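Given next are the chains, with one letter for each unit.
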Amino acid sequence: MLPIIAHKCHPRLIQHVWLFSFQTKCQRRLLSTLPAALENKVDAMIQRHKDLLSKLSKETDSSKLGSYGREISTLTSIVDLALERRALLEELETIKQLVASEDEDGEDLFASDTVKIQRDIEDIDDRLTKRILDSDDPDAKLNAILEIRAGTGGEEASLFAGELLKSYEKYVQTKRWKWEVLSSGNKTDLGGIREVSVSISANQSGNYDSDDDSLGVFGNMRYESGVHRVQRVPINDTRIHTSAVSVAILPDNTGALGDETAFSIPPADLKIETMRASGAGGQHVNTTESAVRITHLPTGISASIQDERSQHKNKAKAMKIITARVFSRMKDEENTKHGNLKAEVMGGGDRSERVRTYNFPQDRVTDHRCKFSEHGMENLIEGGLLVNTFLPHMEKLRMEVALKEMTDH
Amino acid sequence: RDLVRRRLEHEPIQYIIGEWDFMDFTIKCRAPTLCPRPETEELVEHVIHQIQNDQQQHKDNDNNPIQILDVGCGTGAIGIALARAFPQAEVTAIDIAPEAVALSNENARLLQLSDARYKAQLCSAADFTTEASTAATSVMKFDYVVSNPPYIPFNDMETLTPDVRDHEDFGALCGGDDGLNVVRDIVAMLPQWAGESKCTCWMEVDVSHPIMIRDWIGGSGNDDVNKFVEYRQDLCGRDRFVRLEVS
Numbered sequence: 372m373l374p375i376i377a378h379k380c381h382p383r384l385i386q387h388v389w390l391f392s393f394q395t396k397c398q399r400r401l402l403s404t405l406p407a408a409l410e411n412k413v414d415a416m417i418q419r420h421k422d423l424l425s426k427l428s429k430e431t432d433s434s435k436l437g438s439y440g441r442e443i444s445t446l447t448s449i450v451d452l453a454l455e456r457r458a459l460l461e462e463l464e465t466i467k468q469l470v471a472s473e474d475e476d477g478e479d480l481f482a483s484d485t486v487k488i489q490r491d492i493e494d495i496d497d498r499l500t501k502r503i504l505d506s507d508d509p510d511a512k513l514n515a516i517l518e519i520r521a522g523t524g525g526e527e528a529s530l531f532a533g534e535l536l537k538s539y540e541k542y543v544q545t546k547r548w549k550w551e552v553l554s555s556g557n558k559t560d561l562g563g564i565r566e567v568s569v570s571i572s573a574n575q576s577g578n579y580d581s582d583d584d585s586l587g588v589f590g591n592m593r594y595e596s597g598v599h600r601v602q603r604v605p606i607n608d609t610r611i612h613t614s615a616v617s618v619a620i621l622p623d624n625t626g627a628l629g630d631e632t633a634f635s636i637p638p639a640d641l642k643i644e645t646m647r648a649s650g651a652g653g654q655h656v657n658t659t660e661s662a663v664r665i666t667h668l669p670t671g672i673s674a675s676i677q678d679e680r681s682q683h684k685n686k687a688k689a690m691k692i693i694t695a696r697v698f699s700r701m702k703d704e705e706n707t708k709h710g711n712l713k714a715e716v717m718g719g720g721d722r723s724e725r726v727r728t729y730n731f732p733q734d735r736v737t738d739h740r741c742k743f744s745e746h747g748m749e750n751l752i753e754g755g756l757l758v759n760t761f762l763p764h765m766e767k768l769r770m771e772v773a774l775k776e777m778t779d780h
Numbered sequence: 191r192d193l194v195r196r197r198l199e200h201e202p203i204q205y206i207i208g209e210w211d212f213m214d215f216t217i218k219c220r221a222p223t224l225c226p227r228p229e230t231e232e233l234v235e236h237v238i239h240q241i242q243n244d245q246q247q248h249k250d251n252d253n254n255p256i257q258i259l260d261v262g263c264g265t266g267a268i269g270i271a272l273a274r275a276f277p278q279a280e281v282t283a284i285d286i287a288p289e290a291v292a293l294s295n296e297n298a299r300l301l302q303l304s305d306a307r308y309k310a311q312l313c314s315a316a317d318f319t320t321e322a323s324t325a326a327t328s329v330m331k332f333d334y335v336v337s338n339p340p341y342i343p344f345n346d347m348e349t350l351t352p353d354v355r356d357h358e359d360f361g362a363l364c365g366g367d368d369g370l371n372v373v374r375d376i377v378a379m380l381p382q383w384a385g386e387s388k389c390t391c392w393m394e395v396d397v398s399h400p401i402m403i404r405d406w407i408g409g410s411g412n413d414d415v416n417k418f419v420e421y422r423q424d425l426c427g428r429d430r431f432v433r434l435e436v437s
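Listed in order, the protein sequences are those of chains A and B. Going by the working numbering, the first sequence opens with residue 372, and the numbers climb by one from there. Going by the working numbering, the second sequence opens with residue 191, and the numbers climb by one from there.
These are calculated hints, taken from the structure and not from any lab test. For clarity, every value in this text was computed on a predicted model and none was experimentally measured. Treat the hints with caution; some may be incorrect.
[Unchecked claim] Covered by chain B, per the in silico footprint, the following chain A stretches (three or more residues, Cβ under 8 Å):
hint, segment
1, 637-645
2, 654-668
3, 671-683
Using N, Cα and C, we set each Cβ at its ideal position, and we do this for glycine too.
Modelling step: build the complete structure from the supplied sequences, incorporating the hints.
Printed below as a string of structure tokens:
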């Protein structure tokens, strides 16, 4: 347990600093000091925070209050940390002056205090950096839609797609999130799947807790997006086959964290069709065929669902999927503008990017972005451990990329 | 094996299973009561949007319960969906078939809707006068009237597929020669059913009807009280829904 200076720290901060320091033991420290670019950004944010607070007290237009409030709560989490940091720096300065005015014993007397303060500042720097970078990354807290598609490799690919699906389901169970299959195609002869869409959602507590650094569903799972390549000897052969499964994690912005920020497609952009085009319809026909296809006219993206017994439910599921797909496409285009590495790391970019290779003979999974490998394939897949194994490394990579981008501009 | 035989005899799957999904809930289905169609879900969605819009505009108004009348309730699907969507709504439902009345009430209870929130009774549209209404439920006036009345023109009846023709209630399907018999009854009764303030009537009808109804009411119809507001198509692109208003 990291020693904490009692004053200026409320219990939540203690808990989080401990938790974060535990996390940082698992990864190399990001920085030794706060870079100038971030210092400037922090100062700008503190100023903006002040400006917003005074605007808020004078604003009469109620529609603006909501957006001011939201921006303020995002900034507050950063500003609070920044002010903590300033206070600690002042304390350090005070101690230095005391030491200078004392004799030599003074330095020893304050040595342990100085060390404590410096370590606290470093921890705050890491947390601050993360929060600043995260403020540019609002999607992390969203729920997600998981889409798995078997690629090249025929039956083998389908089988592995099924195994990945089970692995993710196990993972979602351990996180106690909700797992709802939106649409699944038929199973292949050997029990594999060709394509599936799943809605994964966490319990949203409604109020955005600005002290909560934890990632939402999307933030946790987004690095799974891309092509997963499998090398193994299939059930029905003796030679090694290579097959591919494509995974997509789409941010699900429907009705999370307050409806005003939820992304929704203008109805005029959508074409909704049913499959029952001919005949008189209505009371004339008792049909249980209630498939719905929705097409997003500007992009051509479409989604069709037929699993449910009511047209209403099929339409609701199709809307969920198409909203996520369109939103994701928009985000990908935005990220690609910032350069390919960011796009790839943020879980977008070229969806045909090979992100992981599962080499069964060597019992090793490798992620090609963070260059990290892990052994024990069976345990990783069946234990639902894939996400957690690579998450810390990918998070670190994302932050390095984001930091670089910030300092480059 | 028995199930297969029934299916081979074109018995609707909803009757075989005994239930089906409508909107976001499950209702019991039993011969010969009409099985809800997807178009009827769309009807409910239109009504829900309407009521939500009306509520937005009259935010400061009374907290009186919304009174809804479902004419020809069948399985109860429409009225039950509306009761579920609006906790402050009270739904009265009528049907001329005893089986339908029983089934509607049964479905409502199964879905936790009390007597006060949903009550179906045996009565035709034409007979549902103020006296009949008050005797049973003490509700005299309605804010919304919703109906999926029998609307198939007589000559179409023999062209229906066996699962509909041989298993579902003729009286729930056929609306007379032009299919508009029950619609006419409803329109005639609307002024009586309407309360002091506006009453909106949404109906699902045959593809041939919306234009006919518009020309009849909106034009030089004998009706200065009822107003034809609009008609809409269903998701299959057919003219399907009409909205009338009494003010």
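Three or more residues of the segment 654-668 of chain A near chain B by CB distance under 8 Å? Satisfied; 8 residues make the cut.
Are there three or more residues in the segment 637-645 of chain A whose C-beta lies closer than 8 Å to some C-beta of chain B? It holds: at least three residues are needed, and the segment 637-645 of chain A offers 3 whose Cβ sits within less than 8 Å of chain B.
Are at least 3 residues of the segment 671-683 of chain A within less than 8 Å of chain B when you compare beta carbons? holds (count 5)
The structure shown violates none of the earlier numbered hints.
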